[in-house]
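Under our numbering, read the first sequence as residues -9 to 560, first letter to last.
Keep in mind that the hints were calculated from the coordinates and are not lab data. If you're wondering where the values come from, they're calculated on a predicted model, not measured in any experiment. Heads up, some of the hints might be wrong.
Here are the simulated BS3-like cross-link-like pairs (lysine-lysine), alpha carbons at most 27 Å apart as the crow flies [unchecked claim]:
| hint | residue 1 | residue 2 |
| --- | --- | --- |
| 1 | Lys553 | Lys533 |
| 2 | Lys2 | Lys508 |
| 3 | Lys523 | Lys533 |
| 4 | Lys551 | Lys523 |
| 5 | Lys176 | Lys506 |
| 6 | Lys162 | Lys110 |
| 7 | Lys506 | Lys553 |
| 8 | Lys425 | Lys110 |
| 9 | Lys24 | Lys2 |
| 10 | Lys113 | Lys162 |
Derived DEER-like restraints, expressed as beta-carbon distance ranges [claimed, not checked]:
| hint | residue 1 | residue 2 | range |
| --- | --- | --- | --- |
| 11 | Ala554 | Glu3 | 37 to 43 Å |
| 12 | Asp449 | Ala229 | 37 to 43 Å |
| 13 | Gly559 | Arg136 | 47 to 53 Å |
No residue lacks a Cβ here, since even glycine has one placed at the ideal position from N, Cα and C.
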Amino acid sequence: MRWSRTLIDTLKENPAEAEIVSHQLLMRGGFIRKVAAGIYDYLPLGRRVLLKLEAIVREEMDRAGALEVLLPILSPAELWQESGRWEKYGAELFRIRDRHDREFALGPTHEEVITDLVRKTVKSYRQLPVNLYQMHTKFRDEVRPRFGLMRCREFIMKDAYSFDRDEVGAEKSYQIMFETYQRIFKRCGLRFKAVEADSGAIGGSFSSEFMVLAETGEEGIATCPACSYAANTEKAQGALPDPSQAEAALKPRELVATPGKHTVEEVAAFLNVTPRQLAKTMLYDADGQVVAAIIRGDREINEVKLKNALNAVNLVLASPEQIKAATGAPVGFAGPFGLQGVTQVLMDDSLQGAVNLVTGGNQADMHAVNVTPGRDFTPTRVLDLRLTRAGDLCPRCGKPLDLERGIEVGHVFKLGLKYSEAMHAAFLDEAGQEKLCVMGCYGIGVSRIAAAAIEQNYDEFGIKWPLALAPYAVVLLPVAPKDPAAMAMAEDVYAELQAAGVDVLLDDREERAGVKFKDADLIGFPLRLTFGKSVAENLIELKHRSTGQVEMVPRSEVVAKIKALIQAGI
RNA sequence: CGGGGCGUAGCGCAGUUGGCUAGCGCACCUGCUUUGGGAGCAGGGGGUCGGAGGUUCAAAUCCUCUCGCCCCGACCA
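Using the sequences plus the hints, can you model the full thing?
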């Protein structure tokens, strides 16, 4: 492609709205333009990056034996009502009505639609296993779209769904996808990690997330430096490095005045104790029921764990009114004893064995001291409700865990029978017995990968695309377009590279050299060939964007050299 | 949904104690010069100040409502 004939509009300044690097560079490089919050146009450069990604994903999915389909974006409410997600998915589901007032959803994911397809199509065990996938636009009415392509309301996702005749087959399908994902992200040139994760709204028994490691990642990952354990902090079960110890003697519970002291730090300082001698009592509204979660003062509640423990759909902190009703006190003085109308009291195991704790007093400006679980209150359950943090011990090998940040680009789930049961996706086995399909689902955030790749590969001048994702592998840069010799050589090399099947862009604009260099660095082509003064000596300058390495290549060798570099993946 | 901020030319911004034909930089068009890291000079096109209503002799500027965008939180594959 010739620069003068494509549409590349670069910006010198960052758009005010772009906060993170990938968003800024995608905008400045002319890859995307915003249409509305979380909704973008993909310009020719952006589209080419997406096509590169889609080609990699498609090749690897096909290699794994998956079959590509194309499912509708619009799906009728009835399908969602059948699975129960019309209610459970909540406000994130885009819903529309047609002229006859029939309700539809804009697909955020396609379990219902695919299960419906399979139940209409698959009748025999002979047709299983089957893994169907598509790459399509997805819609989610995000509470807060942000960070450019990172969290959009409309985005491109590859979603795949496997159907097996039994658990053993489903496990195999899952493993195949897990390995396929490793191949895909490796081919994209990304540094990533597979981690254990919470299944969230999709449901199912087990899932792994594929995280691109980057400081700007929205997800926390706990990783073990000693073994292979890695988990999303929502899911991670780090063991306490410092369990609570019982003191010798139980002391009688007393109330003490703590005027105006609400937070753990304030109360601990006021009573001259350490935060870990406190027990925080957090009141939540779980689907309308008020529940209490109790945790040691130096730790935080992990609401995902709490939500799962309660099997709740919606979990939010209780309102001041609910707290007043349950404790009789304003916010900040809740304690675990004598609670009114609280259906469950869950205690984090950080308090296992602890005695003589400081808690809220259930009266304004009062705390209780010498509170002991089992004597002063009885938890409904004792379990891990903690947010894992750095230094907690690896659940597999006991070494202290590190905390990293990542961008979720893929997620593989074992779904089990959740959808096949609700929607009756069944087949007949050899014995003529009806069985339900055992399902798995596998997502890749295709458009998000583009942003993640930039978060991992950029410098002060712009993007450094991995070769596999670059819109063009090579940019040809004649320094002086009016120098006939240089221009002629660039044209020849351009034709030869094109003939060799290389993605090449010829910067034929009548711009000064500086402008061309800046644009090339900004857009991030992995290789640059500069046709300047050395053309007279039949030499072309080759520069690697990622390393900055420069070498002079004889004209006669340049095409072979570029082909070799691309072959080698650079 | 709670808190904070912002909507003035394609982009980045100034102007906002009401007062002249609404301004600057970048980008864009024309010409001349320049030509290996975002050139210089000269000339030029483009906005009615997010929208609606109101106050006033006079509104980008004040008031009311409304729409949109960004950040933090809540929330979220």
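Each hint, compared with the structure:
no., hint, verdict
1, Lys553 / Lys533, "holds (15 Å)"
2, Lys2 / Lys508, "holds (9 Å)"
3, Lys523 / Lys533, "holds (15 Å)"
4, Lys551 / Lys523, "holds (20 Å)"
5, Lys176 / Lys506, "violated (31 Å)"
6, Lys162 / Lys110, "holds (24 Å)"
7, Lys506 / Lys553, "holds (23 Å)"
8, Lys425 / Lys110, "holds (15 Å)"
9, Lys24 / Lys2, "holds (17 Å)"
10, Lys113 / Lys162, "holds (21 Å)"
11, Ala554 / Glu3: 37 to 43 Å, "holds (39 Å)"
12, Asp449 / Ala229: 37 to 43 Å, "holds (40 Å)"
13, Gly559 / Arg136: 47 to 53 Å, "violated (33 Å)"
Hints 5, 13 from the list above are not met by this structure, while the remaining hints are.
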